[in-house]
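Below, each chain spelled out in residue letters.
Protein chains: 4
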Amino acid sequence: MKKVNVGIIGAGRIGQLHANNILNSDLLCLKAISDIKLDHLSGTSIKKNVEVITNNPEDIFADANIDAVFICSSTDTHADFIKKAALAGKHIFCEKPVSFNLNDTKAALKVVEKSGVLFQAGFNRRFDKNFRKVYETIQAGEIGEPHIIMVSSRDPGAPPEEYIKTSGGMFIDMTIHDFDMVRFLANSDVVDISVKAANLVDPIFEKFDDVDTAVITLTFGNGAIGVIDNSREAVYGYDQRIEVFGNKGVVSAENERQTNMQLSTVEGTYLDNPKYFFLDRYNDAYVDEINEFAKSILNNSPLPCTGEDGYQAELLAYAARLSWKENRTVTMNEIELINI
Amino acid sequence: MKKVNVGIIGAGRIGQLHANNILNSDLLCLKAISDIKLDHLSGTSIKKNVEVITNNPEDIFADANIDAVFICSSTDTHADFIKKAALAGKHIFCEKPVSFNLNDTKAALKVVEKSGVLFQAGFNRRFDKNFRKVYETIQAGEIGEPHIIMVSSRDPGAPPEEYIKTSGGMFIDMTIHDFDMVRFLANSDVVDISVKAANLVDPIFEKFDDVDTAVITLTFGNGAIGVIDNSREAVYGYDQRIEVFGNKGVVSAENERQTNMQLSTVEGTYLDNPKYFFLDRYNDAYVDEINEFAKSILNNSPLPCTGEDGYQAELLAYAARLSWKENRTVTMNEIELINI
Amino acid sequence: MKKVNVGIIGAGRIGQLHANNILNSDLLCLKAISDIKLDHLSGTSIKKNVEVITNNPEDIFADANIDAVFICSSTDTHADFIKKAALAGKHIFCEKPVSFNLNDTKAALKVVEKSGVLFQAGFNRRFDKNFRKVYETIQAGEIGEPHIIMVSSRDPGAPPEEYIKTSGGMFIDMTIHDFDMVRFLANSDVVDISVKAANLVDPIFEKFDDVDTAVITLTFGNGAIGVIDNSREAVYGYDQRIEVFGNKGVVSAENERQTNMQLSTVEGTYLDNPKYFFLDRYNDAYVDEINEFAKSILNNSPLPCTGEDGYQAELLAYAARLSWKENRTVTMNEIELINI
Amino acid sequence: MKKVNVGIIGAGRIGQLHANNILNSDLLCLKAISDIKLDHLSGTSIKKNVEVITNNPEDIFADANIDAVFICSSTDTHADFIKKAALAGKHIFCEKPVSFNLNDTKAALKVVEKSGVLFQAGFNRRFDKNFRKVYETIQAGEIGEPHIIMVSSRDPGAPPEEYIKTSGGMFIDMTIHDFDMVRFLANSDVVDISVKAANLVDPIFEKFDDVDTAVITLTFGNGAIGVIDNSREAVYGYDQRIEVFGNKGVVSAENERQTNMQLSTVEGTYLDNPKYFFLDRYNDAYVDEINEFAKSILNNSPLPCTGEDGYQAELLAYAARLSWKENRTVTMNEIELINI
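Chains A, B, C and D are the protein sequences, given in the same order.
As numbered in this note's numbering, residues 53 to 392 make up the first sequence, in order.
As numbered in this note's numbering, residues 53 to 392 make up the second sequence, in order.
As numbered in this note's numbering, residues 53 to 392 make up the third sequence, in order.
As numbered in this note's numbering, residues 53 to 392 make up the fourth sequence, in order.
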């Protein structure tokens, strides 16, 4: 069977994750990987199994054997690499967010559109088996019309100051996944958004004009109401749950626990906590998202998650920040219309 | 042991519920019950066991043997009966809401205050064993400082048109319980409130300028953020859950199912739904709330839930309606200051 | 509506429990209660509400107004009271076991049979809403033919020495409920029984030639295999679960927890333990069993649990002891045939 | 880091499973694989990544670069290959059972012992994260002394006639895993065993003098009682649960569900069933067992599961069959003593 030949730009944590998954995939073949610094690859099976390991991303764009590029470098480099990849005729898998700036994202996606290559945004959670089952259950009509869409999304621990400083803020860095998830589940676009946010976890966030706790409500075109709750620090684990309530029922997905051991003693009953690391929780989702990307290329079938999805999630992150700053409901219309 | 002698005003569903619970209580003694119509008591054990059954509530206020009055009549009569009971020196247990009008509530509670009688508002859910355990766990410091307080509260089915018409609207009729619950759990007053509400269940609500679906966010004085989600119709049962997230952990209470049977067949695994009727779900809570009321009278100990609690919940219902109507965040300050 | 007039013999813990439930029942009316010692009734609502309180059980048998007798005295007196009640034409509700001796039980039940009165054995667990739902699910054919029937039944704590001494041993005192439960669920009679039992909880049991831990397997006439596990001391609560596996599925009932609070901290996730006291766990079942008894009398409908059920459970307790003592499989045939 | 060089004998389903896991392991390196028929490897990544693919297992024994042999061929060939591997100085990982005949197993293990190579039996379930956590919880003393050890183990569907015919019977083919699990959890040897077994799933089992349903009880040296329940066909999935009850508590592990989606409609609440395939349920356990094997070789640390464990499980399978056939309790002493 034909495989999709891949080059990866960026060999950090997420780049290596994708690299290893591609090495185990029946649908993708890892031909090249590039990064500014390559020493952290030494001794890995990536080092051993990939032909081209280079400091120069141009080697990837220029390689006629490469069908698709995975953009896993720092966010500020995404837009530029997207354009180059598109112009080189490579399909693109890009980590979220597309960029820190809506105009840059728009511009990059316009180049993609013109070039006709496929573009998938890295919203891995759409591929989580639990969330996917919820989605399919809704699609099958089991809960009727969705009325209330809830996403609880809490990180296990706050990132270091260095990360916070360049993260772009909680909404674009963390909530962006949840913005995509509510859109995915609602199957409808957002009309307006209201944010209540606070600094309750660590004053460091305030220092960078950022928040660490938020409850975000959204109105959808189909009338449904969405609500996202976020915290940068859930000490008991990576808390990732969804619930969709409709006129015929309710469907939800709980956290995955580390084990399903249950212990009862005279002091009470004890369970293991939810999984702690996102790589542990979403391990299979990361595998599935790249294979779905490959299938779309190989079978010319619809992408599970597009550039437009990436853009809309960024738009919501932008609107959320505005809502927080101005302490008011922001309509998506006004965002689209202003010269961002 | 001395018991509290009780007269009940109003012998409808909730009046009869309290009457039967009082008949089984070791702390309360039911001396009298009054209503405009008394025929629906015929054949009940209330009829058999209560000395005074009367059309005239004045018989209760005038009875020197009666220590406390339960006000279970229609909401529009509450304020008047409260004043009369207070002036007669009777302690008062009053069903929610105190009234449909903040000024009436204020005026009635002022009379109560002057007279020095005890006043308990009928927020039965504070006495649900599951919610109480959540509350105690928070009070014990197990989750540290509360950051996010969530209440899911969905009725099993919409009430009839006749009821909707005079209900005062969803916020004062149904959400009022949830307003009390978030205040109870947060242990802090509300600073502001924002409402997203909709007509998704039945157009009948719109006809009476009412809503049937809402997501309400609140900021608390201690910085915590609250969120309530409501629907008038959860077809799978009476959906009543709470969750409080803090810097040291999260605590929650699930629904009670009808039974804990579990069936797995080739088609999947089946559980019974949550309990459907509020009298079934909160049966024990109704018993506990009146015994706590009696204990406060007998032991001169603090009331578990006061007139101020009743007033604050009504204030929130008023603010919620304003927020919905004007599609904006409403601060509690502005409500307190305006001449309502 | 006509009620069944009741006299209770024995005013200890279980007698008082039934008395209070009868006082709250719409189908039964408590006319008399007798015991050797009556001082422990002083101050109770039983004292206040029951006309005849007597030291002499004959007062009950002689009372023409009494329709049914509840036998709640010590086990060694059951058989005699059963015969007297039957001869007096009173319907009988008798606590388990009928007697400590199979011949006595047989003889008493023969008198019952001849007299034509109704006789219900006090197997309250058949009326637990969870177990009943399991039973109904099996009856509805949801799991097809039962293959494996499992009962986990563990007391929260060992009884005092005084109790153990006269209990008749674990099988007749405690497992008897489980013998009835497996018969109830299997809807088939037992062919043989094998016991592995041990003294692991407390050496006091050995002193009285008794055990405190057992795993009992049974073969049913329909081919199904049953298994009961028992312990006299489950420190985490009253552990009462059932599971029935069939060719089309499996159905089970879990324990009821004290509350459904869930707390997650950095140390793990905590739940409350199962309910601890049998009166707490089976509270509603005790109410339902007596109302079902009343309905059978009033409507002339089949008893939910008969003297034969009581006898069969005792037969199994006897066979279990034999199996343990002789360390072999005992067939029910040999028990029926020997001159017990 | 040094890796353990491996040759695999047998390239069927389980051989390929191990091959793929070894290819992804950081501790093992797959050098060779042999089978009588090799065509089913064509197109696999095994074919691509393994140097030596041969019809002749002797190529593996003779290869000085190979440190360890995985024996994944049909059971009747195990004993012979074990001896050859041991004499060639290769460490051995052998699928269960070691052989169909206790004397053959004994003889093979004696050669292993003399040669000094390491031998691990393929009891993958010991490495399941859930069961392992239960084991560690017991080892940590959380439940005190174990009193009752329960294993529910039911296959999702009966194997084909061809398989049944040569399986050696349910006890050696399927229950052998459960025999190992109860020994693992009890941390004590079995004293005696009693079996109730039946043909309830399919008459085909009876044709081959086999059973498809069983409840097996065991007494352990430390006084604990064990119970295993088996069925060849649980239509709702692969049912694999354990529970250990002790004087200080109880610990258990539930099934893993396919997803943790939960759907509530007017008809009830639905969950996904347990995972259906053993490769799905025990996927990670298969990875862990071989890495633990590698660690024992590389670090000279104790094996997690030895030849003696394999032998004891077979002994129990033999005794179980005897107990079933003779319908009596069989002591392990008598089995050890008879000339098998």
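Please keep in mind that the hints were generated in silico from the structure rather than gathered at the bench.
By construction, the Cβ of each residue, glycine as well, lies at the ideal position given by its N, Cα and C atoms.
Be aware that a few hints might be false.
Claimed, not checked - Some chain D residues close to chain C (C-beta under 10 Å, calculated; not the full set):
no. : residue
1   : E197
2   : M202
3   : S246
4   : D291
5   : N379
Unchecked claim - Taking lysine-lysine and the DSSO-like style, the derived pairs with C-alpha atoms no more than 27 Å apart in a straight line are:
no. : chain 1 : residue 1 : chain 2 : residue 2
6   : D       : K54       : A       : K100
7   : D       : K181      : D       : K55
8   : A       : K181      : A       : K217
9   : C       : K347      : B       : K99
10  : D       : K185      : B       : K300
11  : D       : K347      : A       : K99
12  : A       : K158      : A       : K217
13  : C       : K377      : D       : K181
14  : B       : K300      : A       : K217
15  : D       : K185      : D       : K347
16  : A       : K158      : A       : K54
17  : C       : K54       : B       : K100
18  : D       : K89       : B       : K185
19  : D       : K158      : D       : K377
20  : D       : K55       : A       : K54
21  : A       : K100      : D       : K55
22  : C       : K181      : B       : K181
23  : B       : K136      : B       : K162
24  : D       : K162      : D       : K135
25  : C       : K259      : B       : K100
26  : D       : K300      : C       : K259
Review point. Keeping to a limit of 27 Å between CA atoms, is the pair of C/K347 and B/K99 held or broken?
Key: holds, 24 Å
Check your understanding: Do the alpha carbons of D/K185 and B/K300 lie within 27 Å of each other, as the hint requires?
Key -> holds, 25 Å
Point to revise | Given hint C/K259 paired with D/K300 - CA-CA distance at most 27 Å | key: Between D/K300 and C/K259 the Cα gap is close to 23 Å, so the pair holds against 27 Å.
Exercise for review: Decide if the proposed pair is consistent with the structure: C/K54 and B/K100, CA atoms, cutoff 27 Å inclusive.
Suggested key: Holds, at about 16 Å.
Check your understanding: Holds or violated: D/K181 with D/K55, Cα cutoff 27 Å?
Key -> Cα-Cα ~24 Å, so holds.
Point to revise | Straight-line alpha-carbon gap D/K89 to B/K185, limit 27 Å | key: Violated: D/K89 and B/K185 sit about 64 Å apart, past 27 Å.
Point to revise | Proposed proximity, A/K99 with D/K347 (alpha carbon, max 27 Å) | key: Given pair D/K347, A/K99 holds - Cα atoms ~24 Å apart, limit 27 Å.
Check your understanding: Per the CB criterion, is D/E197 less than 10 Å away from chain C?
Key -> Since the shortest Cβ distance to chain C is 7 Å, the answer is holds.
Review point. Going straight from one Cα to the other, do D/K55 and A/K54 come out at no more than 27 Å?
Key: violated, 32 Å
Check your understanding: Under the criterion that the straight-line Cα-Cα distance not exceed 27 Å, is the pair A/K181, A/K217 satisfied?
Key -> Violated, because 33 Å separates the two Cα atoms, which is more than 27 Å.
Practice item. Below or equal to 27 Å on CA atoms is what counts here, so check A/K100 against D/K55. Key: Roughly 15 Å separates the two Cα atoms, so the pair holds.
**Study point:** Proposed proximity, A/K217 with B/K300 (alpha carbon, max 27 Å)
**Key:** holds, 25 Å
The structure does not agree with the numbered hints 8, 13, 16, 18, 20 and 25 stated previously, though it agrees with the rest.
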